[in-house]
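Produce the entire structure from the sequences given, and follow the hints as far as they go.
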Amino acid sequence: MTATARVNSGVVPLNARLYEMFACYRLAHAGFLLDWLLPAELPARLPHLSVLITIGHGAFGDATRLALHQFLENGGVWIAIGSPCDAPDLLGVEIKMHPNGTLVQLGEGYAFTEQDNPLFQQEWGLLHAFGGVMVSAVEGTTVWARWLDPHARDAGLPAITCRAVGAGYAILYAIHVGETMARIQMGRPVSEPRMLPPDAPPDEESTLHTEDASRLDWYLDRTPCGEGQLCFAKPVADLWAESLIRAVLWAGQQRGEVTPMFWYYPNLAPAVSVLSILSEPDHADHETPLSHLLTLTGVRATWCLSEAIHNPNFYRDLVKREHEIGVRFQPDAEHFCRASTLQGQVDNLRRFTGVRAITAVQVADLIWRGWHEFYHYAENAQLLSDLSRGGYHPQASGFPLGSAHPFRPFNPQRPHEPYALFTIPLIAYRAIEWVGAAQANTLLDQVVKTHGVYHITISPAVLASQVQADALMRLLGRSRHYGSEWRTAQEVATWLGARLNIRYKLSSMPGQMELGLLSLRAMHRFGLLLFTPLRGRATSGEQQIELTPEELYGYPCLALTTDLVEKTVREIRLFELDSKAA
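To convert, count from 1 in the sequence shown and add 3; that's this note's numbering.
Just to be clear, a hint being listed does not mean it is correct.
[Said to hold, decoys possible] Straight-line distance between alpha carbons at most 20 Å, and here's what the computed SDA-like set of lysine to any residue pairs gives:
1) Lys-570 with Trp-498
2) Lys-452 with Ala-33
3) Lys-323 with Ala-311
4) Lys-452 with Pro-121
5) Lys-452 with Gly-486
6) Lys-99 with Glu-111
7) Lys-99 with His-60
8) Lys-452 with Arg-249
9) Lys-508 with Ala-31
10) Lys-508 with His-32
[Claimed, not checked] Pair by pair, the computed Cβ-Cβ distance ranges are:
11) Glu-553 with Asn-444: 23 to 29 Å
12) Gln-547 with His-379: 46 to 52 Å
13) Gly-259 with His-379: 46 to 52 Å
Just so you know, these hints were derived from the structure itself, not from any lab.
These numbers were taken from a predicted model, which means no experiment stands behind them.
The beta carbon of each residue, even a glycine, is placed where N, CA and C say it ideally should be.
See the structure below:
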């Protein structure tokens, strides 16, 4: 094994649907250094790749199939997502066909495994999934996860398979991971309320909330999360993304090569936390004490305001204390949102508070209608983040939309162009007050485990009770104890946007690797991971950079942090110390 060879990963979306683009987005969000390829490039590029990821269904043709077979024989790893294309023999499966010759789709169901394997952990339990094609495994193919129908009954079909081909491996996700993540994270269009489970109080007004967009099941996808409550305590979409991450890391391990990855947050933090505050006239007397309390604890928050309750100096003082000002959007009774409505409320808030930078939005009471239309108006209002997507009822708290990772929502009319703002999933609405402390702590544990963003909304009314105020202070401290610092939504969106736009150049030579990084924004304590069992050292110019041994996703890695200066290339050299495993 040599530490100077890095994994060359090529990703090929075989068509331009939203689902393929969403899978590409989540791979880029994971921080892998990938080459994005066209199907026509494969025969020429395959000899230079270590890992090939194909997304969706397509036809390769004879020349590409031959090159792909040679690629596998020579030790390459092919990860096919959503379809075996026209090479099922290489993947060790047989495709199920309708009498008219079309593919039989898996539809909706669950994946499950009885024992841990490189791509799927037994502790994940049932993972909701969508899309993909129905196949059967032939002799010599290992089934790593099975497919269950929507009622969690074993369908006798594989969900994930692996087959050794020569010196290489062919992995098939029979389910479409991109479609699964897109459907769960973006949710369904909201036109009527979902039927609430028996443990949730009935909503007599039948108000539509963001939780009504959830595609997850009230019974199969919720688990106990403290205080006798059930909630969506499993980040289903993030676990599917982790499965893809584990697939790439396992492939790098099989190749005996280094797999680089940009870490999500500054200073290699395991997660970050966002506190949003809903401002209401009924609790105005608690807002000043809450501001002072946050100042004493050093927590910066995002204040969502629907109208100016205090003197403008109060809001200017919030900005001086590095808090963020957002708008608590009051939707129209008839149309939910129009361009003039949202822009008018943002402009009024600027005028009343004297604060020009209004950068976040949360819809009052998490009301929602439609699907993605709201993002069009929010983007035009130059908002950086939406803080509305989560469970309104405590029974729907956690991950009703399957994720704790911020993402740019996709525009179905332009799949290649996601909206510029970030959706930061809401984990607990009116935390401590409605969502109890035990439940909030359980969800924090899950967010840290999945390396997401722990976003909670509180009301200033939480200070009306000494017991609740104490519980809030303990929760703020618990997050910091885990290494998850409290940051504003603006900071998170700005960091993640800059991270996605980093340009890099990575080259290998005997005994070392060279990495050049270029960011359009300054990024302090930017983290880089090198997945390898070997030891090494790093330099930038004449300066030594510390490499720290870590273990993530079950694989050993070397971690470093460095400062990226705006529009200046940071060159890092990585040297192997010896050939022994650390």
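Quick rundown of the hints versus the structure:
Taking the CA atoms of Lys-570 and Trp-498, the gap is near 15 Å; set against the 20 Å cutoff, the hint holds. With a C-alpha separation of about 15 Å, the suggested pairing of Lys-452 with Ala-33 holds against the 20 Å cut-off. Distance restraint check for Lys-323 and Ala-311: the Cα-Cα separation of roughly 17 Å lies within the 20 Å cut-off, and the hinted pair is therefore satisfied. A hinted pair counts as satisfied when its Cα atoms are at most 20 Å apart, and Lys-452 with Pro-121 qualifies at roughly 18 Å.
Proposed proximity of Lys-452 and Gly-486 is supported: the alpha carbons are some 12 Å apart, at most 20 Å. Straight-line distance between C-alpha atoms of Lys-99 and Glu-111 comes to about 16 Å, which keeps the hinted pair within the 20 Å bound. Distance check on the hinted pair: Lys-99 and His-60 sit about 14 Å apart at the alpha-carbon level, within 20 Å; holds. Taken as a hint, the Lys-452 and Arg-249 pair is honoured in the structure, with Cα atoms around 15 Å apart against an allowance of 20 Å.
Taken as a hint, the Lys-508 and Ala-31 pair is honoured in the structure, with Cα atoms around 16 Å apart against an allowance of 20 Å. The hinted pair formed by Lys-508 and His-32 meets the criterion: a straight-line CA distance of about 18 Å does not exceed 20 Å. Between Glu-553 and Asn-444 the CB atoms are about 25 Å apart, so this pair conforms to the stated range of 23 to 29 Å. About 49 Å separates the C-beta atoms of Gln-547 and His-379, a value consistent with the hinted range of 46 to 52 Å.
For the pair Gly-259 and His-379, the beta carbons lie near 48 Å from each other, so the given range of 46 to 52 Å is met.
When each numbered hint is compared with the structure, no violation occurs for any of them.
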